[in-house]
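Peer 1: These are the residues of each chain, in order.
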Amino acid sequence: MKGKGEGGKARGEEGFPLVKLVDVHKVYKLGEVEVHALRGVNLEVERGEFVAIVGPSGSGKSTLLNMIGAMDRPTKGQVFIEGQDITKMSDKERAKLRLEKIGFVFQQYHLIPWLPAIKSVEIPLMIAGVPPKERRKRAEALLHEVGLGDRMWHKPSELSGGEQQRVAIARALANEPEILLADEPTGNLDTKTGAEIVKLIRRLNEEKGVTCIIVTHDLEVAAAARRVLYLRDGRIVRGQPLAAKVGKEKALRPEEEGEGA
Amino acid sequence: MRIADVLRLAKDHMVTSKLRTALTILGIIMGVMAMTAILSVSEGFGIAIREAMETYFNVRVIFVTGIGTFGTQECKLYLTDVEYIRVHMADVVNDTFPGVFGAVRVQVNSTYWTNYQLVMGSSHEKGQKVWPTLYVPLKGKIPSDVDKKGVVLGYKVALFLARLKFKTEDPAVLVDKTLRLRVEMPLPSTAVEGTDIASVTLYREVTVMVRAVLKETGVNLAGFDVDSSIIGTFEAVKEWFRPPEPTNEGFAQISARIEWRSGEVDEVDGAELKTLMEAITVDDETLWDRYVDWYNTRMADYDELASIIVVYAKDVDYVEEIEKRLKDYFEHTGREQAKVIALKAYARAIEGVLGIFRSLLIVLGVIAVIVASLGVFNTMTTNVRERVKEIGIMKAIGATSGTVLKLFWSEAILMGIIGSFLGVLAGWGAAWVIAATGLLKGIVAFGAVFTVTAEPIMTLEIAIWSFTVSLISTAIFGYLPARWASKYDPVVALRYE
Ligand SMILES: Nc1ncnc2c1ncn2[C@@H]1O[C@H](COP(=O)(O)OP(=O)(O)OP(=O)(O)O)[C@@H](O)[C@H]1O
Ligand SMILES: [Mg+2]
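Protein chains in written order, with our numbering: chain A, 14 to 274; chain B, 10 to 506.
Pulled out of the complex, with its shape left as it was, chain B reads as follows (with noise of 0.2 Å):
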């Protein structure tokens, strides 16, 4: 028989039981659109987080960090280290520079600062270079290196401001405006142990201009929340964080708040501490003397320190060993504590946690499918049995097996072809209302690393996949029961009742 007659016959016979074959195929595109609509949803998801790395995520990058913030840190990141990686891992290494990290109040008013904002101090023009993507100005200009008073404000830090400040929502205001800072330096405990002051804190108030305000990033890199950081270069963060002189040059400098056990606080301008200071005596030494031994430690070796290392692979090839080597390197000169971050590593994480993800919801898509093409299964072995009698006939009139095969497959098929089709339309609609409505238009935060905006995306690919994928599918349950149906011996069809 010709296809278009097989075709034609098979057509005759579902308009005659129309309900049934309306049922299996709603079946088959309930199952489609909710395989599109899964598939097209991932692969929005996948596309906004690849994006997200590739922007955000220089994988090239491996950090170094010592533990605990700057000043107390347990494991100390000197300079030298990252002359040391220059030097001597040159044949990986494109670039390596040193980072500060710090928490300073911002000035609202006369009377009234903000609570701690992030301070990170690194190269502007090595940033731009790691991250060109992501070191990108809202508005305003990256400073140069050399530019000691400029800043460049994080998208959240400057609306933050903007509001309290200038009372707008536009963070770009903030660009070319001077900034009042106050870095807060608390004396260790040890300063005060034995006397009647609780703590010590050291004020210096630093100004600053800021240079830029960048667009929104919504990633957090080793700790370091880009949108809520300002910005400065190495020196100066390093500057503005150096405990006063014990001199009276020094001291001018700054100011304190004294909190007594009593719970009094004052605030004293620099020359007014250094005398109390000078006057409280605790087993022959006073507050000034414990100060000067203090500093003295502390300015050994200060000049030298980095919170943090940023090391730029010459490829991401080598990123490994670079990892490796850096690991050696600081076990072997006593500081294991050293943390060495690739962010290639977090990517890897994070990519084999989004691969997982997918194929789960491909799953489910495929179930979706195949439990459509059950029902066609279902529809098609109950045809086969209503219509025993028919296969007899069809046969006594001299169809072959063969024509009795495409007779009962080409229906199965046919519904396939309809429901398959309509239900890629479906979930193209399906897709397009998860994305007009943001049903699924969420931030979503992986581990706090960063954070993507995804909508549902529909590919041509995803339709030709799920259409392919159910047709194949229902095609493959519709041939068991045309293959029975074709087996069946003419004589016993014919009496079958």
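Just chain A, with the same shape it has in the complex (with noise of 0.2 Å):
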């Protein structure tokens, strides 16, 4: 690949980038009616990285980052983590890869509802077979992290949308991922909530060197990553003029089609 070694970014120890999509499309059979959701996706990401994704509603966002997180399986193209085909993978397979290396994170959270925070974030533990006590000890300093010690015992019902987004993302994190892949995290929250929890997934970011890879509608929030990539029509294009909408020059580096194939 022409965009190995370039750039100076971080990579694995074998030389591969973190996230390698190759033209990945994506064709949604209605009956009769096709949807392309994705038409020929490249994109390399790498370790550490945070990147924004943003574009229409409809434009293949939250497809693409199903493709990422080993959710679905495209049409056509492949997808690499860490250099591995996961299109190749079997279910078994990528049920591991998610439980290991990807943490999601959803706009309408996702709890389990009738399971109190620590025990939604002791199940990732538990999948991944980690000993009750141990993965208790785990749990409680990751809500700890997302600044939830006191909610510890608190069902989602009990909980502001807000607090239930900071669970998701103790969760997400349960098993040290290298991937936080999140779809509007703060699509549910009022704008001062949602802006907390883009701090913290940015503090993670930087803190802990989880790689981000983030869907907003929201620019304020796709001015906090350092990338931006903008998604119509199932194509990641030329880059919008985010910054002169947004009024803030930093960090906006809008991808262009193709960039670094």
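Since the hints were made in silico from the structure, they are not lab data.
Bear in mind the structure is a predicted one, so any value in this text is a computation, not a measurement.
Each residue gets a CB set at the ideal place from its N, CA and C atoms; glycine is no exception.
Worth double-checking, as some hints may not be accurate.
Stated by the list, open to error - In silico lysine-lysine, BS3-like type, Cα no more than 30 Å apart, as pairs: (1) A/K146 with B/K398; (2) A/K168 with B/K496; (3) B/K398 with A/K105; (4) B/K398 with A/K205; (5) B/K20 with A/K109; (6) A/K150 with B/K398; (7) B/K398 with A/K212; (8) B/K398 with A/K42; (9) B/K27 with B/K348; (10) B/K174 with B/K247; (11) B/K186 with B/K165; (12) B/K398 with A/K101; (13) B/K174 with B/K157; (14) B/K85 with B/K247; (15) B/K174 with B/K158; (16) A/K89 with B/K398; (17) A/K150 with A/K105; (18) A/K146 with B/K27; (19) A/K168 with B/K27; (20) A/K89 with B/K186; (21) B/K20 with A/K105; (22) B/K398 with A/K168; (23) A/K109 with A/K146; (24) A/K150 with B/K27; (25) B/K348 with B/K247; (26) A/K150 with B/K20; (27) B/K224 with B/K247; (28) A/K109 with B/K496; (29) B/K496 with A/K101; (30) B/K20 with A/K146; (31) B/K496 with A/K42; (32) A/K105 with B/K496; (33) B/K150 with B/K176; (34) B/K398 with A/K109; (35) A/K168 with B/K20.
Said to hold, decoys possible - Which chain B residues face chain A? A few, computed with CB under 10 Å, are given here: (36) R17; (37) L18; (38) D21; (39) T25; (40) R396.
Since each chain sits alone in its own frame, please combine them into the complex, following the hints.
Peer 2: Quick look at the structure:
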């Protein structure tokens, strides 16, 4: 790949980019109608990056995130995580990959309603087979880290939206993933709370080096990213003058289509 | 995920949906309780009946009976038949002996006699050999076959006499008591045809000693109700029923009851009867002459006759062969009406009916358990439908299909274990209550052949069986929804509303 080694970004020991998509297509068939959610996406994300994906509704942002997160398979093309083509993996291997390398955060928080925060965070650890004492300790530490040290035994219905999202983040981090995939994490939150969540994610990226890929509608959120991908009609397109709209020069580096390929 | 963690999560969810879980478990409890109780009742009856058959129903025994009561049989059985069987079927027959049936009245006091009581004349010794568990004294000692005066009383007849004669409820008081029996021999109607006499019944009174009273058996062997019988030796009972010789001496032994066509009744002694019979003439023939003719015909083979022949097979496997050979023999000697009854066939018929009855009960029990499992199926299907999003979440955070399957299936299995365990306990309790309150402790009469008393019996085997069947059933019915749950695509599941 031409892009390899370019830009002096952090690479895995093997020399592979953390995430790499090659000509990824996704076609949903609804009876006769075919919906092209992705139409040939090429993308590389290096370890430690903080990437924002923006674009109009229906442009394929969530679909793209699902491709990266091994939740769905592309109709065509390849997805590499640390150099491994995950499209060729079995469902079981993909589950293992999600468990160990990927953390998801969703707009609707997606917490299990009947579990208290602490147990929600413990679930990925349970799946990974971490013994009870150890996982309890880790879940407690994570909840402290996201600022919910005093809400550990609250169920989702007893938490505010922001608090729920913090639990979701703690859960996503439980198995120390390489990549945090967030699909509009602030979409359901007010500006102030949303900003706090973004700050938390930023901090994780900076302090722990977790690679973050965030889908957002919120230009303020995008502004926090060093790199912004603009998605339209299933393609990564030339960047928009976000800076002009937001009024912030900082950190905006919208990418061109096929950049780095 | 570790099994312990799977169970922990399953438990957490079950606690969350307490009411639904509790109701489903209650369904299982009821199903298993029904099954356990049904099995224990069925077991109880099975054991009671098997015991009864083993005790009373010596399946090596075959009876041959003529038709009609002794002396009036259309199809006569002879002692020569007994001899024939003994000699010619020695390869398959262990023993054979004759029996004779009759009816007598028993004297209660100087004026009162009971109604007819069944009398059986046979061999005490052979009876004990063939029915060692049946021919057992409650009190007294079974007499030997040379004891011509001794009799054995069945439980019911002894109790009946104890009440009438001794005003007690203890049938054992009859032991060593003397009884006076009245043997009645009605003359055939042809003997008094054409006269003013409607009928003549000859009486002979005999004195017997009660040597023993039998334990209650509840058994009726080919029409021989053991509990209601007075049992003497073959020879003695035949003597009781022997018509008097047409001589002064012969008639001195008897008395008679004459019923006139006018409705009047006369009780006369033997000498008076003889005088009367000699005085009445029809068509130049006195009634006495008629009696002499009848007596001579009757006595031609009287000493040779038997009411019943008991055949005891060497082995239960020979029963069918003996049955066939006996039928052939009686057919060849012109007596195809002779009835050959193998107790084994009775036992088989009863076992067959019982088998159907028990299978039916077991089917009912299994249906109860399946209905309960359908409850589990219903609950689990609802669970899966309500938790589709959770399935998506679990998969997004790294759960495999297998883990999702285990999570759901373990709930069904946990409900199965709890419900089945409590159900077995409840069934055990129900069986105990049924036994304690005597709810089902009734006497079941099987075609008047024999009766048993049964109550539910709970065994570990039944407990294990009910538990296992129920658990397997809930596991199967719980597996399907769990499998559907595991098959959800994570993306689709997360989008599910
Ligand atoms: N499971 C699916 N079946 C059919 N079509 C789908 C499915 N998922 C997505 N699509 C279609 O694919 C296109 C891209 O969807 P996607 O959810 O990726 O958009 P998005 O950019 O995330 O939009 P939004 O900002 O509204 O979340 C849309 O037209 C959508 O209707
Ligand atoms: Mg979306």
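Peer 1: Find the hints from earlier in the document that the structure breaks and name them by number, from lowest to highest.
Peer 2: 9 and 20
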